[in-house]
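Novice: Below are the chains, spelled out letter by letter.
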Amino acid sequence: MKLDRYELKSGTKLTTFEFISEGPKGRIPKLVQFTPTNYKDLYNLAFGDKDAQTGEINDISISNNGDSEKVLATVVATVIAFTDRYPEASIYATGSSRSRTRLYRMGITKYLEDARNDFFIYGQIHNEWEPFVVGENYEAFVVRRKLLKFEI
Amino acid sequence: MRTIEELNKKKVPVVRIDESLDKYDNVVLFPDKVAKANEMLRTIGLPKDKEKSKQE
Chain A
0 MKLDRYELKS GTKLTTFEFI SEGPKGRIPK LVQFTPTNYK DLYNLAFGDK DAQTGEINDI
60 SISNNGDSEK VLATVVATVI AFTDRYPEAS IYATGSSRSR TRLYRMGITK YLEDARNDFF
120 IYGQIHNEWE PFVVGENYEA FVVRRKLLKF EI
Chain B
0 MRTIEELNKK KVPVVRIDES LDKYDNVVLF PDKVAKANEM LRTIGLPKDK EKSKQE
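Top to bottom, those sequences are chains A and B.
Per numbering that gives the first Met the number 0, residue 0 is the first one in the first sequence, and the count goes up by one each step.
Per numbering that gives the first Met the number 0, residue 0 is the first one in the second sequence, and the count goes up by one each step.
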């Protein structure tokens, strides 16, 4: 059975998510966490591997489990679930390395058409923010849910 | 009844609540990343609303 993304588990507040990456290296638990920053309604998105034995988290390791697209799709799903619960939230994300940031960029590009309907997406380059453009080598990203507007 | 594949194609994903994950509520799992984010945002701030309006 081929799934687009992994099954997600979350704590009751929908701020920490867990899923299991499955591939040639085995089953690797992953944690995604949305953490408040010093800015109101701005959360940092980070994810990494959880050591099944020790419970320690590692956001630097590259698991090479042959499922990076599925992992990315699952992380995108956590953003949707999180902002569904907290629609006023903005999310900041950057990779723990250039290659991880590039992976984020590829992920946003892949889901861009769909994502633009529901999110404002910004990229940070040369210490400035700009609306996300495909192909730019951004260092970080901010996404913010588009809120429904009702006119009476 | 909808299949798992159909449910997974929905925009808002199916998320199973697991209260054992609540133990992370007050734990910052990626402190370096949060510190880096705070430092970056202190330096350059947040995207401006005018950029937001361009995308509307």
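Careful, some of the hints might be misleading.
[Unchecked claim] Reference listing, derived: stretches of chain A covered by chain B, where coverage requires no fewer than 3 residues with Cβ under 8 angstroms from a Cβ of chain B:
hint, region
1, 61 to 69
2, 76 to 89
3, 100 to 112
4, 115 to 124
Everything labelled a hint here was simulated from the structure, so no lab data went into it.
Note that the coordinates shown come from a computational prediction; the quantities given were computed from them, not determined experimentally.
Just so it is clear, CB atoms sit at the ideal spot from N, CA and C, and this is done for glycine as well.
Novice: If a hint holds in the structure, say so; if it does not, say that too.
Specialist: Comparing the hints with the structure gives:
Restraint check on the region 61 to 69 of chain A versus chain B: 0 residues with Cβ-Cβ distances below 8 angstroms, three needed, restraint violated. Restraint check on the region 76 to 89 of chain A versus chain B: 6 residues with Cβ-Cβ distances below 8 angstroms, three needed, restraint holds. Restraint check on the region 100 to 112 of chain A versus chain B: 0 residues with Cβ-Cβ distances below 8 angstroms, three needed, restraint violated. For a cut-off of 8 angstroms, the count of residues in the region 115 to 124 of chain A with a CB near a CB of chain B stands at 6, and the three-residue condition holds.
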